[in-house]
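*Asks:* Start from the sequences and build out the full structure, keeping to the hints where you can.
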Amino acid sequence: MWIQRLLATFRLGRLDRDLDEEMRFHIDMRAQAYEREGLSPADARRKALRRFGSPLLMRERVRDARLLTWLESVRQDLWLGLRLLRRSPALTVAAILSLGLAIGGTTGVFAVGDGLLIRPLPVQRPEELVVPQWHSTEWPKIGIWGSNDDDNNSWSFSYAMYEQFAKTPGVDLAGFQELNSAITLIRGGAGTADGSLVTGNFFRVLGVTPAVGRLFVDGDNSLASPPTIVLSHRFWQKVFGSDPGAIGAAMRVNGQTFTVVGVAPKPFFGMQPGRWSDFYVPACWIAKLMPEFVKESPLTTDHFWWLQLVGRPKPGATTAALKASLGAQFAAMVKPLITEPKQHATFGLRTGDRGFAFQNADSVKPFTILMTLVVLVLLIACSNVANLLLARGAARRKEAAMRLALGAGRLRLVRQHLTESLMLALISGAGGFLFARWFAAAMLSLAPERSALVLDLGFSWRVLAFNLAVAVGAGLLVGLAPAIALSRSSIATALRAGTTVRPGWRQRLGLGRPLVAVQIALSLLLLVVAGLFVRSLGNLQAVPLGFNPDGIVLFSLDPTSGGYSDAQKAQATERVAARLTRLPNVTAVTWSTFALVDNISWNTTVRVVGQPAAKRPPCNLLSVGPGFHRTLQVPLVAGRTFDARDGATAPRVAIVNQSFVAKYLGGTRPLGQSFTVELERDPVAFEIVGVVRDTKYARLRRPESPIAFLSDAQHALPMGPTFAMKVTGDPGRLSADITRVVHELEPTLPVTRIRTYREQIAQQLSMERSLSTLSSAFGVVALLLAAVGLYGVVAFAVARRTGEMGVRLALGASRGAVLRLVLLDSAKVVVPGACVGMAAALAATRFVESILFGLKPTDPVTIVASVALLLAVAGVAAYVPARRAAGINPVEALRCE
Amino acid sequence: MPKKPDNLQGALDLLILKTLASRGPLHGYGIALHVESVSGDVLRMEEGSLYPALHRMELAGWVRSNWRTSENNRRAKFYGITASGSRQLADEERNWRLVVGAISRVLQVT
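Respectively, the protein sequence lines represent chains A and G. Here the working numbering is used: the first residue of the first sequence is 1, the next is one more, and so on. Here the working numbering is used: the first residue of the second sequence is 1001, the next is one more, and so on.
These are computed hints drawn from the structure, not numbers from a lab. Note that beta-carbon positions come from the ideal geometry of N, C-alpha and C, so glycine has one too. You may find that some hints are simply not true.
[Said to hold, decoys possible] Now the stretches of chain G that chain A is said to cover, found in silico as 3 or more residues with beta-carbon under 8 Å:
#, segment
1, 1025-1033
2, 1040-1051
3, 1054-1066
4, 1073-1086
[Stated by the list, open to error] As a list, the in silico DSSO-like pairs of lysine-lysine whose alpha-carbon atoms are at most 30 Å apart:
#, chain 1, residue 1, chain 2, residue 2
5, A, Lys342, A, Lys323
6, G, Lys1077, A, Lys342
7, G, Lys1018, A, Lys828
8, A, Lys856, A, Lys365
*Replies:* This is the structure:
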């Protein structure tokens, strides 16, 4: 109806033509009449026209009539809706609050998902961008820095390959790689920042224009040019306080000095949504910034693939042609690198409109789960509000019946109901939109600092459109029940029912009870899922680590990136350790290249001396300082741990864990045996001098696996160290001391990531914690909403049956019997709902199985606990009105009747 | 339904509805002609107002229209009264009589 009117309003052209014809007909007829009276045709026509008046004016008035009538009816509906909402403020507030929270929650989850997975890059014509990738199940013998996914796709290429590709005529190609935790020195202050290496044409290819100064030009990407750096807008604000004087300033990154030439535009974050590059430096400086690669220049070697590419086809070039041309070059360049028959690599292009958002694929599943859960909450809220509106609709049934009897169209009444619920939903949606921003920020903040996502949660049309769509959907859903009730109602029964105490209860209970059952079912489903996540998190937190993290403070230094040689690094490490040991409350200090259970791993293959050469099982490695196992309380099973004997020039020794002994030494006596590790070109042999109990390695979720501990002085990765200090008392107070000590000894080395071991382990569980926190919150909200719904239905039934209860009591029924009656009645809603919810839970929780740890989706404890909680809450919700029923005074109840 | 402060417009609606009720579907010119002849030319319809009124009433659902061939074989838009229009007519007629009765009583008193 609205739509017809709307169309009529905009189809004014046709309307005018029709009107003209109508008017012409009228004037012609009138003129003919005058002619019959004897006037000349010309005079008759003139007179008819005069009589008719101004056609223009008439046309205007018809238009006005059409438009005004339409506006008027909309206005009326809105006005009536508002009046009804204002008439019952408690209901309105309850409805807006629950719908608003649910819509806002849904929008908030969407906003984060949008930022991570959907939103296009803030660059010119992002839809044109392509990202080269390659696929292989048996990779060529190359070193790869960058990302690859579970499907064996990688986006990293060698620099030589990039240079070759870039000559292709049909495309503008730029390179990009993240430089995490670079050490920066700005105006004398040391810190860390996440930067990116980019080719000189990077900003030009993407079509990004500077906020201040200039961005890179092709010439910047040359070791012959002065080193330049571009800051992100965010970093410029944070570190330079938006000072335009930052242009021209010097900034040291990993020991290399760069001159700031410009600031990237505000929304530009880099290539991967959720990660923010603080600064950009030309890719050619990689060797200076990452000294560990100096042995083989990353710019010339074809064995080290590290640059991720993004391209924009030139006008006229098709993606297919581009793929063919680049693919042929790729095949030719990869051929010499294939050393074994099984190895291969096939080239592909993927769309790059969202940058490297595909690297966020890990987030897809948690987001799908969260979205599903929050939509369930929304459905519960909708059915709750529908129930509230039904209850009020019942009170208004007489009015509706009267209007129907007086000839108002049924459609018109339905429209009125829908207008009302849509208004309610849109008001809730507007509130929800504000809540969504807060909620999205809260979601992001659930992730601990290091895995934090940085998203611009500013205004987005997509989020607004989503919010609006959800609100409209919720409005229609909410309006559905009263509309159905209305379409079912017959005028006669409604009018008749209007004479009894509670009009129209049949309609209300007809839909109200199933709605509550649906709420019960959905909230049980939510409770089971939340329960599974909570238990899973609990299992992860309780998983035995194999060491004791209590009372241990960790912090990291990165002397290698700070320009230290291996020998300088070793000396600095020992100096810092020795000084820290003298701090009060510190009982032991040790270090390792990186910490256990920190998502960092160093894997290689080992060969036990005396075993067949072909047998090269995988093994985890970790270089540790003296006292490492003692400080972490890893029990020694045999032999000894490292000490001052195991210096750089001493015979190379190793400590292995029990898994290593069991899997690779086949029960032979471990001490005195040797194994070799392919650390560089030649295998290096280590003699086993000790065996320790198993510990977790990089991740809590992985089972214990073979680990070989090497002496840090004898062999270490070009990174770290991470210190571990055993302290007594409050570990949190130490951070100032640590920073001061390190600063005194090594002024150019920033201290990073001061944390307790417990905090670091918690960081690893951030996804699990977010899921269990949010799903529990959703579960609680769902349960409360369902309880309110149940309470409403039972209270209503009790009120309706006051007379009946009075009769029963008067006839001698005990109060207990009345109580039972009411409770049994509510059980008829709760039990079927719970059964359906249980079936749904059993069917649906299989989808979260891969995220769970240490339990099945059919975990009986979770299911029993969820059902018990649901029944307890439902019991309370039903008990309150039941008690009121039992407390009815029979005399008064009968008098009312 | 919207209140119409304009009394004349109310009268116009009433005349149109009554005409359509008694004569069946008619085009605008026919309505004008009928009102003139029945009222003995006392009520001369302002023709420019007739069509806006018809369109307004159509939107209100009181009349419906369709294009048909007229008695002299020309295409013309015919208007017919609807059920809701009949109820409206009854309402307005009652109102009108009430007002007229009241006014004449007032006139008799003075």
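*Asks:* Out of the numbered hints, which ones does the structure contradict?
*Replies:* Hints 6 and 7 not satisfied by this model.
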